[in-house]
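> Using the hints provided, position chain D relative to the given structure of chain Z.
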Amino acid sequence: QVQLQESGPGLVKPSQTLSLTCTVSGGSISSTSYYWSWIRQSAGKGLEWIGHVHSSGSTNYNPSLKSRLTISVDTSKNQFSLKLTSVTAADTAVYYCVGDFRITRTFDYWGQGTLVTVSS
Amino acid sequence: DIQMTQSPSSLSASVGDRVTITCRASQGIRNDLGWYQQKPGKAPKCLIYGASSLQNGVPSRFSGSGSGTEFTLTISSLQPEDFATYYCLQHNIYPRTFGRGTKVEIK
Chain Z
98 QVQLQESGPG LVKPSQTLSL TCTVSGGSIS STSYYWSWIR QSAGKGLEWI GHVHSSGSTN
158 YNPSLKSRLT ISVDTSKNQF SLKLTSVTAA DTAVYYCVGD FRITRTFDYW GQGTLVTVSS
Chain D
899 DIQMTQSPSS LSASVGDRVT ITCRASQGIR NDLGWYQQKP GKAPKCLIYG ASSLQNGVPS
959 RFSGSGSGTE FTLTISSLQP EDFATYYCLQ HNIYPRTFGR GTKVEIK
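For the record, the sequence lines run as chains Z and D.
With the first sequence counted from 1, adding 97 to any position gets you the numbering used here.
With the second sequence counted from 1, adding 898 to any position gets you the numbering used here.
The shape of chain Z in the complex, shown without the other chains:
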């Protein structure tokens, strides 16, 4: 069974960069059947799709975040990562890494989520 686990700081200062990594176990991130996605959830905005990366390195980002966002994949480590620059309090949320099955376009596999708070 594929499992995903987020890791990274739980507290980030305003204007700094939020960096998270997702480790995939029980399956290969090189599978061409999946996009590897980030989704966040906050009380203010609800569930928000951030973007995804394919094992080929191709990406698709939410336009609302695109100018601050980088999602990358490291197939040698079976990991993918999120970097969001110039964060504000509005970026405070639970961040999930998610496996997105391309055929049915379903978010099949989810990490447990990690709370990131932006505060000085």
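Watch out, some of these pointers could steer you wrong.
Claimed, not checked - Derived EDC-like pairs (lysine to aspartate or glutamate); straight-line CA-CA distance at most 16 Å:
1) D:Lys-1001 with D:Glu-968
2) D:Lys-937 with D:Glu-1003
3) Z:Lys-163 with Z:Glu-145
4) D:Lys-1005 with D:Asp-980
5) D:Lys-1005 with D:Glu-979
6) Z:Lys-163 with D:Asp-899
7) D:Lys-943 with D:Asp-980
8) Z:Lys-142 with D:Asp-899
9) D:Lys-943 with Z:Asp-205
10) D:Lys-940 with D:Asp-980
11) D:Lys-940 with Z:Asp-171
12) D:Lys-937 with D:Glu-979
Hints listed in this document are in silico derivations from the structure and should not be mistaken for laboratory results.
Frame of chain Z, contents of chain D only:
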């Protein structure tokens, strides 16, 4: 972006009740809609995709219907484990967008 509007935002129901939740898209999305269930402190779980296809392992009391701009999720006989928040998600175009959720509470 496509806006997804769910109704109601919350409802109270009893075990055994039939429950219907509606989701409207701000533009036509064919049948490119999924339904997700989220319990407190947990990640969402996919129940339905393609508007009406049941995800593997999901009980048959869950069903979905609709096409274009109007969609429904029906729980035919509510069970204790079904008390949760339900979200619709459009996967027609990027960015993918979710509804704001419907919280199903115990009456």
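> When you check the alpha-carbon spacing of Lys-943 of chain D and Asp-205 of chain Z, does it fall within 16 Å?
holds (7 Å)
> Would the hint linking Lys-163 of chain Z and Asp-899 of chain D be met if the CA-CA limit is 16 Å?
holds (14 Å)
> Given the hint that Lys-1005 of chain D pairs with Asp-980 of chain D, test it: the Cα-Cα distance must not exceed 16 Å.
Given that 16 Å is the threshold and the Cα spacing comes to 13 Å, the pair holds.
> Does Lys-142 of chain Z pair with Asp-899 of chain D here, judged by a C-alpha cut-off of 16 Å?
holds (14 Å)
> Keeping to a limit of 16 Å between CA atoms, is the pair of Lys-943 of chain D and Asp-980 of chain D held or broken?
holds (12 Å)
> Straight-line Cα separation of Lys-940 of chain D and Asp-980 of chain D no greater than 16 Å?
holds (14 Å)
> Between the alpha carbons of Lys-163 of chain Z and Glu-145 of chain Z, is the straight-line distance 16 Å or under?
With Cα atoms ~13 Å apart, Lys-163 of chain Z and Glu-145 of chain Z stay inside 16 Å; holds.
> With a cut-off of 16 Å on the C-alpha distance, tell me whether Lys-1001 of chain D and Glu-968 of chain D pass.
violated (19 Å)
> When you check the alpha-carbon spacing of Lys-937 of chain D and Glu-979 of chain D, does it fall within 16 Å?
holds (9 Å)
> Would you mind confirming whether the straight-line C-alpha gap from Lys-937 of chain D to Glu-1003 of chain D stays at or under 16 Å?
Distance of about 11 Å is within 16 Å: holds.
> Under the criterion that the straight-line Cα-Cα distance not exceed 16 Å, is the pair Lys-940 of chain D, Asp-171 of chain Z satisfied?
violated (27 Å)
> For a C-alpha distance cap of 16 Å, please report whether Lys-1005 of chain D and Glu-979 of chain D respect it.
Holds - the C-alpha atoms of Glu-979 of chain D and Lys-1005 of chain D are around 14 Å apart, at most 16 Å.
Hints 1 and 11, counting from the list given before, are not met by this structure.
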